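Asks: So the chains spell out like this:
Protein chains: 4
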Amino acid sequence: MVRIGILTGGGDCPGLNAVIRAVVKAAARRGWETLGFEGGFEGMLDPLSYRSLTANDLDGLLFRGGTILGTSNRGRFAAKTGHSEVRRVPDEILSEAKQNFETLGLRCLIVVGGDGSLTIAQQMYEYGVPVVGVPKTIDNDLQATLQTFGFDTAVACAVDALDRLHTTAASHNRVFVLETMGRYAGWIALYAGIAGGADVILIPELPFNYESIVAKIHQREAEGKHFTLVITAEGALQQGGTYTTLAPASSDREAHLGGIAARVAAEIEQRTAKETRSVVLGHLQRGGMPTPVDRQLCTRFGVSAVELVAEGKYGHMVALHPPEIKPVPILDAIGKLRTVPPDGEMVRTARALGICFGNEITM
Amino acid sequence: MVRIGILTGGGDCPGLNAVIRAVVKAAARRGWETLGFEGGFEGMLDPLSYRSLTANDLDGLLFRGGTILGTSNRGRFAAKTGHSEVRRVPDEILSEAKQNFETLGLRCLIVVGGDGSLTIAQQMYEYGVPVVGVPKTIDNDLQATLQTFGFDTAVACAVDALDRLHTTAASHNRVFVLETMGRYAGWIALYAGIAGGADVILIPELPFNYESIVAKIHQREAEGKHFTLVITAEGALQQGGTYTTLAPASSDREAHLGGIAARVAAEIEQRTAKETRSVVLGHLQRGGMPTPVDRQLCTRFGVSAVELVAEGKYGHMVALHPPEIKPVPILDAIGKLRTVPPDGEMVRTARALGICFGNEITM
Amino acid sequence: MVRIGILTGGGDCPGLNAVIRAVVKAAARRGWETLGFEGGFEGMLDPLSYRSLTANDLDGLLFRGGTILGTSNRGRFAAKTGHSEVRRVPDEILSEAKQNFETLGLRCLIVVGGDGSLTIAQQMYEYGVPVVGVPKTIDNDLQATLQTFGFDTAVACAVDALDRLHTTAASHNRVFVLETMGRYAGWIALYAGIAGGADVILIPELPFNYESIVAKIHQREAEGKHFTLVITAEGALQQGGTYTTLAPASSDREAHLGGIAARVAAEIEQRTAKETRSVVLGHLQRGGMPTPVDRQLCTRFGVSAVELVAEGKYGHMVALHPPEIKPVPILDAIGKLRTVPPDGEMVRTARALGICFGNEITM
Amino acid sequence: MVRIGILTGGGDCPGLNAVIRAVVKAAARRGWETLGFEGGFEGMLDPLSYRSLTANDLDGLLFRGGTILGTSNRGRFAAKTGHSEVRRVPDEILSEAKQNFETLGLRCLIVVGGDGSLTIAQQMYEYGVPVVGVPKTIDNDLQATLQTFGFDTAVACAVDALDRLHTTAASHNRVFVLETMGRYAGWIALYAGIAGGADVILIPELPFNYESIVAKIHQREAEGKHFTLVITAEGALQQGGTYTTLAPASSDREAHLGGIAARVAAEIEQRTAKETRSVVLGHLQRGGMPTPVDRQLCTRFGVSAVELVAEGKYGHMVALHPPEIKPVPILDAIGKLRTVPPDGEMVRTARALGICFGNEITM
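Here the protein sequences line up with chains A, B, C and D, keeping their order. By numbering that gives the first Met the number 0, the letter at position 125 of the first sequence is numbered 124, and the numbering carries on one by one without gaps. By numbering that gives the first Met the number 0, the letter at position 140 of the second sequence is numbered 139, and the numbering carries on one by one without gaps. By numbering that gives the first Met the number 0, the letter at position 334 of the third sequence is numbered 333, and the numbering carries on one by one without gaps. By numbering that gives the first Met the number 0, the letter at position 244 of the fourth sequence is numbered 243, and the numbering carries on one by one without gaps.
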């Protein structure tokens, strides 16, 4: 009997379970068994941590957030962090994983993960382990695929928050600053800002200055709108007119959550004397039931990944090229950010509505 | 001052208001005034029914379902019905509308509507009225655009229904048949079926027979699953082995709602002796708050439509070609259905999961 | 080790699983084992169908709809149907169930069910089986408790539907008739109608005539409101001025779903010449994730039921007497409907807002 | 024509608009006009800020969060802050408000507000202004009414957050600390904690120590549950074993948001070496669409308030005494907190499930 392995790596993301479900179901229809490694790549090392996944394990997985296999950002696989230098997984780790892979009699390993996990997957592939990738990044910032799962759920979470803040802001004549995920790419803030009616959108791709934000707030006051909604990606930051992306030395992304929103809110309150409050969505974006969009994307990704295994198309990952799912070499996908084009249609749309990116004065 | 007109035609759809909002906002930023005709095309005829739309009219429009301008499937503009012969709008009607258009000093008319309304728009364009189109079809069955607004909201509504029926079906060991929209194309049933974990999907594009459905139900029983979820598009129907699409002589689409689900459920109950219940979503799919996906799509469509006006690109409509919004000639868009490819990736994905399309035996 | 049994009987209802979870958790904290009988009372008869419930079975139960134990309206326990004559469970059935109960070494049986299931529970109690009841009726029509679980979820489902229909009704100048559950009591329609802004509410407790509804629709037209939302309980029906409740001879409640809405809609359309559409919520109200209100009520009910067992207070069921949960004798609870008081505060509130109960003219 | 006034005071709360709608509708049915003062009590002072509310202003108000009248915590009415000494509104302010009230020919003023606003209302009443109160406190901590509107919506928001955090916590083997509102009373944290499956609940009424929380986390680890959900009211705080409520000198409640969650999370992480994250719901709880429960409660409150005006029952406020709405003297309601009874049924329910209140060791 053919056996395949699957693991989920990196940060949690809505839809991981739906990918697992699709893989196990599609594999079972071919008569294959699926082993799930637990705790990310770590589960492949001694002492092995895995379990056989059967139909009974799939109950409710389509709509349950998280991953039943667990995941981790840490461990013996020293993945690259952020977009700094790529670090190599030590050979003895690759060797141990490969040996376990072979001992278990696996045909292929399906790696569901972001840029970091896919980088490890590529190294395993080069080391001789047949791998197939499923891309995962809640920020939607992977160049090789137009959309990744979890993104739509995160956007929905942020839009729901904007809807909530809208009424309280209007009732109290306040400014609200909502912080979303988006370390290097501002897709969540941009999409949610447009869909949720934000007045100001701050993203890493577009440097901002406070004068511009203040001018927007004053303009709204002049139009009789005494409240303003600001949405900011966690990676948008400007100090003293100089734009800087967040480049945390630490691998712990969450430690920085909330810093931007509080700083932006304080600065706005000081400059406008308007009551300004901040809300940080943080992990609320990662959890919960995936949206229908994410559920179907996950399902298609999972099924396509099993097809790639069947075709022996190793070293590839599945990717969305609307309206199709297509394979792309993992090597072509890693390390290449898909950021918001500053002059793209989405930004132009936002500007055409009068949405401020915080740089209108200087541009 | 430049003045443009806008109207919404055909059946109601989540996101119409979001399109109106985007058009008015984007027009206002250019210093243009927007007139909204009420009750669809009918509002352009004597006695004129329109109003000037200003920022004050836009409050809350981004997330409110329906259309503040009203809409209609009926009236003096004798649009073609369904996909039968195209009927011409009488010249005296076109003439009256054109004269009113000119008397109001409008530069362009933005028509937000489906195949029927866009057909009228094209005839007006050929008659000398500058028009720009925004495509609307909840069924997502227009060939010229990969996605139309309202579709994602309808899918979300259907998935929510499947989630609800899932637990009650499992608790009572029942079969449930859920009927969604989709007269000629089964996109809603297909997407929702995949995202909501349906076991059987019936769509107009794939003829079905009851033997196949019954076999699927028995197979599930054998696997210890004593319940089954069937999702069917309103246009899926097969009698005596012969597949027929619904081709209502009447223009009143809704009169047929519910017929399919009840018939399919009765047939299944008779053949399997399992308790089988049906639910018809009907107008629940049309109403309510648009999803974030639809809100951003509507906003982009509305802004792009105003850009087409600015460029004088009349006779065109906006369309989604991911990741961009692009103009396409209305003439190229009307009368061309985008149906589910029977061998496409989505159907293959569903089959790979074991989802039954009701034709497994005969194929 | 103390062992208790639990079963869920009658129609499905959101929150059953949350009750099971609370019972198993509270029992386990006392060091007790819980056996769950499957398929309602039927699981207590030969061949026995039950399983031991442990912490591992509880994962996700708090928010999953349905019942993992299954339930049934049918079987060898010939429960009374509706509110007709109470039929006795045959002695040989009671005897068999009691013997199995004793063989399993159970201390008490917790019965989660509606009027029918509680009637059986009372007969078992009188036959010598220690029972404790947890009341369940989605219609909220049990006199002994101010609220039952599932009701809040059903109301939320109906309000969501009204919200959706509101915008489509307004866009098309239509009348919509929404049918909810409520066979003998109109609580769901009344609560949802008030919370969802219905214009007309039809409930079994208040006879209605079409003249009154038509007058309301005309009055709204005169005020410039060209649409009307009607919400009707499935049990509201009046013909020719004579009020009749639905008294189905059959035990199959669902067979009648949709009859009222379609008839009321047809009658309104004929009398007003306004486009009138109907939507039947049906089983959508029964399924899905319970609301927070229902989840906490279920949890409190489950914990209290275990307390009653600990106190040996058999023959009692838990009941909500705000803000407390209190025990009441099952005998005092069964067969006593809690219907909407025609002159109560809720109806007066609705009337004060101008909501029509369809009897304004004749009263 | 009879004229009444209405204003909303204090912090924003879901359902304020639904109260306004009910008051205006019920008043209009009596032939009365309703004037809405803007910006809280401040709108009654020179320069007057008010507007006549008609049916046209009510569109969508039932489900829109916030208050169209605006509200404020600040201004010339020097209300008492928190539960410190009651400060008197200066006589010249009361006099000015009364004079404006009389000049406008108002029969009564309906004040929708919390403890602070009702205290002002009582002083106005004693000064000779006929007032009727509608209680508002998102914390649900007013003794005179079993429930206030906004509370159910806030609980639902917190439960949704717990549902989201549940899956991400389980996937990453983390501890999460969720902070909700609840300055002096822990109702939101308690209800949401029970309905959302929290493992630890921290409320102002029950002092806690970290040893107890750590013990609970370790106990869960021993049971194979490697994650823990903590929900804490903003007012729960203990330092060095000594329990202290937050007693902010400042009137600005929101300034303290987030302090507790971060401190509790840091302490837990340090003591357990488990990754611990915090999320602060903050204003998300205040905004957004009210739940059906809140919508019906608001509607009943609004209608009842108009009835009190009709009966001349001034100096009273409406209150929920299930299943009825009843009037109570405002004087009996203000300054009396309804806190969670430490030995009440809700806390006992939570304990019976194994939920830890952070004081199990020391008690």
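Because the hints were derived from the structure by calculation, they are not lab data. Computed from a prediction, not measured in an experiment: that's the story for all the values here. Hints are not guaranteed to be accurate.
As the list makes no split between identical chains, a pair holds if one copy fits it or if it spans any two.
Claimed, not checked - Subject to a maximum C-alpha distance of 20 angstroms in a straight line, what follows is the list of computed DMTMM-like cross-link-like pairs (lysine to aspartate or glutamate):
hint, residue 1, residue 2
1, Lys-224, Glu-210
2, Lys-325, Glu-344
3, Lys-325, Glu-306
4, Lys-325, Asp-58
5, Lys-312, Glu-344
6, Lys-335, Glu-220
7, Lys-335, Glu-222
8, Lys-97, Glu-274
9, Lys-312, Asp-331
10, Lys-325, Glu-220
11, Lys-97, Glu-37
12, Lys-224, Asp-342
13, Lys-273, Glu-37
14, Lys-224, Glu-37
15, Lys-273, Glu-41
16, Lys-312, Glu-32
17, Lys-224, Asp-56
Asks: Which of the listed hints are broken here?
Replies: 4, 6, 7, 8, 10, 12
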